[in-house]
Amino acid sequence: MRRVVLAVLAGLLLFVPALIGAAPARADNTRQDAQSPEARYQACMTQVNVDPQQALETARAWRKWGGGVPAGHCEAAAAFALGKFVDAAQDLEALARDAGPAGPLPVPPALR
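All residue numbers for the sequence shown refer to the working numbering, where the first residue is 933 and numbers rise by one.
No false leads were mixed into what you were given.
Derived DEER-like restraints, expressed as beta-carbon distance ranges:
hint : residue 1 : residue 2 : range
1    : S968      : V1018     : 25 to 35 angstroms
2    : K996      : A1031     : 13 to 23 angstroms
3    : A1026     : E989      : 11 to 21 angstroms
4    : K996      : R1029     : 12 to 22 angstroms
5    : R992      : R1029     : 17 to 27 angstroms
6    : R1029     : G998      : 14 to 24 angstroms
7    : R992      : A971      : 13 to 23 angstroms
8    : E989      : F1017     : 11 to 21 angstroms
9    : R992      : A1031     : 13 to 23 angstroms
10   : A993      : Q1022     : 14 to 24 angstroms
11   : K1016     : K996      : 14 to 24 angstroms
12   : A993      : D1030     : 11 to 21 angstroms
13   : A993      : E970      : 13 to 23 angstroms
14   : E989      : V1018     : 10 to 20 angstroms
Since the hints were made in silico from the structure, they are not lab data.
Every residue, glycine too, gets a C-beta built ideally from N, C-alpha and C.
Just need the whole structure built from these sequences, with the hints factored in.
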């Protein structure tokens, strides 16, 4: 069962960025409140690799202030990085449920 959950989580973590049109993560030193949503998402995902606990806290705060799918995905990725697989799965399921039927996934520019 755990392998199935981990496989599903890994798959979702790979494909959710395509839903929001995210580019690969890169560091951005500007203030978060002045960032575009894309830059804020990239900074949050970079933080997941550097300090997942801080990324989790940042994503939760961002989501409360209307961060939407990007904030929710960053929160799920941070939970996954911290080994909180059930929390990550619940976050991803909520994102999928809230997004509704979106049709086929777009192909990220990096894979074209």
